[in-house]
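J.: Each chain, written out:
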Amino acid sequence: MTGLSGALLALVTLTLVKATPLIYAALGGVLSERSGVVNIGLEGILTAGAFFAVVATAASGNPVVGVAAGVIAGALLAAILAFAATRLGVDQIVAGTGLNIVAIGGAAYGLVVVFGQPGASREVPNLGPAGETVLVILAFAIAAALWFALFRTPWGLHVRSCGENPRAAEIAGIDALRTRFWAVVIGGAIAALGGVYLSLAELDLYSDGMTAGRGYIALAAVIFGRWNPFGALGAALFFGFFAALQYSLQRAGIPSELMQALPYVAALVALTGFAGRVRAPAADGIPFEH
Amino acid sequence: MQRTVRDALIAVAVVFGVGSLAMLLAHVSPINGFGALLDGALGNPSEVAETLLQTTALLFPALGVALAFRAGLFNIGAEGQIVLGGMTAGILGVALPLPGLLLIPIVLLAGAAAGGLWGGLAGFLKARFGANEVIATLMLNTIALLLATYLIGGPFKQPGAGAAETPPLPAAAWLPVIIPNTRLSISFILALALAATLWYVFRRTVFGYELRAAGDAPEAARRAGIDLGRTAFTALALSGAIAGLGGATIVMGVLHRFNTGLSPGYGFIAIAVALVGNLEPLFIIFAAFGFGILQSGAIAMQAEANVPRDVVTLVEGLVIIALAGRRFIVERRTA
Amino acid sequence: SHAKSIADGGPARLGMVTDVGGLGDRSFNDSAYRGLLAAKDNLHADVAVLQSKSASDYQPNLTVLANKEYDLIFAIGFLMAKDVNEVATRYPARHFAIIDAVVDQPNVASVTFKEEDGSFLAGAAAAMASKTHQVAFLGGVDIPLLRKFEAGFAAGAREIDPTIKVAVKYTGSFDDAAAGKELSGVLFDQGADVVFVAAGKAGIGAIDQVKTRPGDYVIGVDSDQDALAPGKVLTSMIKRVDVGVFRLAQETVAQKLPSGHLVLGLKEDGVGLTAFQYTKNVMTPDRIATIKRLRAMIIAGTIKPPSTREELAQFKPVPLGR
Amino acid sequence: MAEPALRLRGICKRFGAVNAVDGVDLDVFAGEIHALVGENGAGKSTLAAIAYGAVRPDAGTIEAGGTVGLVHQHFQLIERLRVWENILLGREPRAGLRIDRVRARAIVRELSERHGLAVDPDALVETLPIGIKQRIELLRELVREPAVLLLDEPTAALAPSEIDAFFLNVKALAARGTAVLIVTHKLAEVMGYSARVTVMRSGKLVARFATADTSADAIARAMVGGEVPALAARAPTQLAPRLTVRDLRSGAGAGALGGVTFDVAAGEIVGIAGIEGNGQTLLADAIAGVVPYTGEIALDGRPLPSGMGPAQRLESGIRIIPQDRRHEALVLDWNIVDNVALGRQRDPPLRSGAVIDRAVAQRYAADVIERFDVRPPNPQAIAGALSGGNQQKIVVGRALAGTPRLVVAYQPTRGIDIGAATLVGSRLIEARNAGAAVLLISFELDEIFALADRVYVMYAGRFAAEFARSAIDRGRIGALMAGG
Ligand SMILES: Nc1ncnc2c1ncn2[C@@H]1O[C@H](COP(=O)(O)OP(=O)(O)OP(=O)(O)O)[C@@H](O)[C@H]1O
Ligand SMILES: Nc1ncnc2c1ncn2[C@@H]1O[C@H](COP(=O)(O)OP(=O)(O)OP(=O)(O)O)[C@@H](O)[C@H]1O
Ligand SMILES: [Mg+2]
Ligand SMILES: [Mg+2]
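Chains as they are written, first to last, in the working numbering: chain S, 1 to 290; chain H, 291 to 625; chain E, 626 to 947; chain D, 948 to 1431.
These aren't lab readings, by the way, just hints derived from the structure by calculation. Please note that the accuracy of each hint is not assured.
Stated by the list, open to error - In silico negatives: residues of chain H with every beta carbon more than 12 Å from chain E:
| id | residue |
| --- | --- |
| 1 | L299 |
| 2 | G307 |
| 3 | I468 |
| 4 | Y490 |
| 5 | F497 |
As the list claims (entries may be wrong) - With the C-beta cut set under 10 Å, the calculated list includes, among others, these residues of chain S facing chain E:
| id | residue |
| --- | --- |
| 6 | L16 |
| 7 | T153 |
| 8 | L203 |
| 9 | D204 |
| 10 | G209 |
Beta carbons are placed, not taken as given, at the ideal position from N, Cα and C, and that holds for glycine.
My request is simple: use the sequences and hints to build the entire structure.
T.: Given below as structure tokens:
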């Protein structure tokens, strides 16, 4: 009985651990795409968040400084995409792909420049169990706040109108490019918290490849969650649950690859419309000029 | 032509500009850094051969990516298609009891078929359900890698192997080497021939014409009797097949076994290669050579000038961002 | 292209290629790197390290070092055995060394370790420290090399406590720190209180895990990991890859280009346990004495730790005669 | 007279080589309804956009005595938002951080009642018919209480009854002191509701009348600026059955095709007259094979089932001149040669084996350039860089090349100048003379009268009446188009 409830508790805990980075990244993606900018670069933003959180913590000795640095780094990286997408009118998906490659190469290079060693940073003081709990709760809080902001406030209406029909938004006096820019940047800041969680809560260092495709799973969660913060939250928890389950089932004969593939297959199914109609914002991914 | 020259100049400027800055950050003189890079890539015949090897590995997926782009489709899934093409070649190369003359073409084709199946799956989902091919190919990347990890680690595991890899291929399945004492095999010739073929297909054939029409003006193409669904399927399947073929040549010509880590991101860098080559197969050869120099010279640069080779990845990503503004905008806006 | 060869009195040029675990694994690759750095400091060698991010990096990395005429090129890990074989054939004039595998070529030196011997001692220490009569082994990938750790560890534990329960899990990779953290958590939750982690970078995650678990320990591997969580890492089963690397470097500097097969065991100090610096409270002097006695018995051949699961099944604890 | 609410002086605007607006002065007074007319491309929308402030003029001054509102020629609504969200976008009432949705609905309701434009504030825009959408467009401007209201072809998509209601509202607005400038192609609206009318041609102001002192004919002459060049003569033809359509239905909701039955004979131009949005698009698309339908379409007695795609239809000799040349007909990045080949790429001799014969493609292009007087006469010119009229010539030239059996021409002279329009019309008549069946779909009655042998009037997805050429009754057709 206690064994069972203990195992259950462990599973729930592990689900939260696995889901939290996905929640942040997916929420960042939701905000960005609601404004009409597809953010394929979430993986890179997670990487930047994780890396700079560790760098700043190493420099200051204070993980809270690290959190701030990670968030700022994610926002800055997102700003590159936002600038390219709004001011240069480039293909967002191609640019986002480039962003991922930049972040991965940049962090690997940065390890050598900052820590003098490739592969992984040294350990830094991390946020500890209390900090980890705060980050988990914050993920849920941000989901709720983002829902409120998108669907209840004027700003959210403006963001959504830019994602649906930026020309109409401009006619209503909204600067569509500026709105998109800031949505992508704030989305990047939110997503970066996922990377911060990975390096400063789940672990206490940065190591190459530690994001392990979570940015892509988050993209799947955005679609599976139908571009809604609560939907994305649910999808991230769902994927997190299967990521957690994979450890318990490892020796039960179920190949762990099957479990790991689940989010990706689920996203494919969502794309085909079997799981109900999914509609991206009408102007999602389409460059706009004044 | 002008546009190609300009794109190439942008790429070169990004590589040297940002690369130099990054080297300065690591307290290395860019002259030493790039010197070591170029020397390592082109310093002696054996190094040139290694560079051409990288060129080949990039050329296949870049041609595949370009083919899809020409049809207005973004195949971000070349990486997964390489893995499956390579895996199929690895499994069949060991399993088929055939003489080399038969074995090599059959295994190559099987690798292409596997990649084609994977690309075609995204194409089918697009044609049948309107599923966005960008996300689909992206998801299929990871699924391919997990599938290969599962198959190679489980059902097709090499007894006693230390890593997720197949047993070594019999020598009959090795691609013949074209420069003795190097690893450069006929796959290089194959890639060049494929580029030339694609050039001809785009330029001259009805198929290439219809592909381009579908990419450049889908609605006009549809009304001109071009089946967009079928075009999407064919283009993604072919794109995947070309990448898969590339994977098979890595296994048969370079690694001589399949390993899930056979590609250090060729499928993604191929996007940059295709863009720098302006989606023109013949220009892509030169773009692939340029990136081949970066890829192969980076190793020597790290050994000799102490610059982490990741700087090359960094600049490759920046090249993609810098060139993302080309060409696609028009087509996507009108789509 | 470079100034002087060793024959002309120039510094030895030593190259090293890591496997995909890479530097920063706090274990196998790092240990090799320490050997290389020692060669740089003490033997005034020029050194270069190339990291491999995927299997297709092995040959280009080895080839570049061969092209650049390094005097000895280290391939760290059995994953590279095939590649070393091919490159060594292509570059008969260059010299190579491979760790953890045997490549039969005149210009390749092979270095292997008796992991089962060190792991046996680790198992004994674990059994002594365990209060739950449950210990566990967490490996990277389920392959023969790792089973030497597994079998030796289980046998050592049984040597001390014949009825002890030994759980075994594998993370499936050597580079997933998060998996190491989660799976070690699962093992602790299932009742083990000492976990021996032989999983490359994944071990870092396990050490992270144990920090928050009073009464539980991990045993580190390859490098001395005791200081990573003082008091929580019972000991480390060190595998002196650095010793192997340094020895070959010495031979190179002395212009005796190494080849053949070097096997490093307890006697050669190639494997062993760390000194329980932070865990003296559990590892009392008499327990440490037992470990020492076991070590002597293995060196003497009285105890022959098993290196496969089959041998483990046959293994019978040897009376210690205290 | 009082100060004008809107005062434009010397407005100039160039787009590349085009003088869209060229030195125009215009005053609109409070309480006045001022009509702005002119041919397609005369510069009306550009002038309105400049007055609104959305386009910066190259020269000239703009003075307005208050807010300026603009209702766009093309709808600019956010389909997936609610009515109130569209109307109040950018000026949402707030309650703390949030939008005060209760007040928002109340504002919209009050506004809609005050102006007699009934809308449900909570409806999703995408579910609404075109007429209601037009109301939302108008309400979105009215909420700003504009001193000057610019209306760019506001009635183009409205049903006649809706048009009457709409003008009642506009008059009421004007009566309350709003200055209204209305761009329209419908001279009846000009005569019926405006106080003054300004006529533009090629960017220039060419005439200004007090409506009471002029006639529709005088306005039309000013618009065209002279006599219309002569069309090709229609030769007597041997009518043979070609296209038969029986109870054709397609689509749903507004704009659906609700069951039409008709024939077009070889050697005949059949005109379909109607206001945009009454099912014409679906009619053309069904024949083109790009939308599913029920009912029958047959060519020379051979049925064309709904699933048959454009490829086979092209093969059986059907040629479509689609409504949107830039998206549905041309590859703008390509040159004229490649564009002229489009749709024929599988037919020999253009196709030889798997390859396109470039010499044949060149010949085809040279042919179209010559017969249609394409400028510049350079086969390598990129289609996207051509003027609208020249683009249209390529589309029509391609459709009429060879011996088409059936030509469906959807607004074939939309947005092109009178010279080009006459050329296109003449070529259509020549195709008819040579034995093609031509189905001409147009919103412009003059085009229909000039070209058609028979006319059907289309309203709400069905045919309201049929007229032989000899029996065409302008007034009656106009009334039927409006649903009367
Ligand atoms: N953004 C633009 N870029 C280039 N040319 C433009 C642009 N907008 C308008 N034009 C050109 O300016 C001219 C005037 O266009 P405008 O839309 O004002 O005409 P209009 O009188 O409103 O025509 P219609 O009756 O068809 O609405 C046309 O030749 C048009 O092609
Ligand atoms: N929306 C637009 N965006 C960019 N360029 C445009 C746009 N509309 C028109 N143009 C360009 O403006 C020029 C004139 O276009 P327009 O359609 O007004 O031709 P036009 O003067 O009416 O020609 P024609 O006499 O053949 O009818 C062309 O070069 C066309 O490409
Ligand atoms: Mg015009
Ligand atoms: Mg207009």
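J.: With reference to the structure, classify each hint as holding or not holding.
T.: Now for the hints, and whether the structure bears them out:
no.: 1; hint: L299; result: holds, 28 Å
no.: 2; hint: G307; result: holds, 25 Å
no.: 3; hint: I468; result: holds, 15 Å
no.: 4; hint: Y490; result: holds, 31 Å
no.: 5; hint: F497; result: holds, 33 Å
no.: 6; hint: L16; result: violated, 12 Å
no.: 7; hint: T153; result: violated, 36 Å
no.: 8; hint: L203; result: holds, 6 Å
no.: 9; hint: D204; result: holds, 6 Å
no.: 10; hint: G209; result: holds, 7 Å
Violated hints, in rising order: 6, 7; the structure is consistent with all others.
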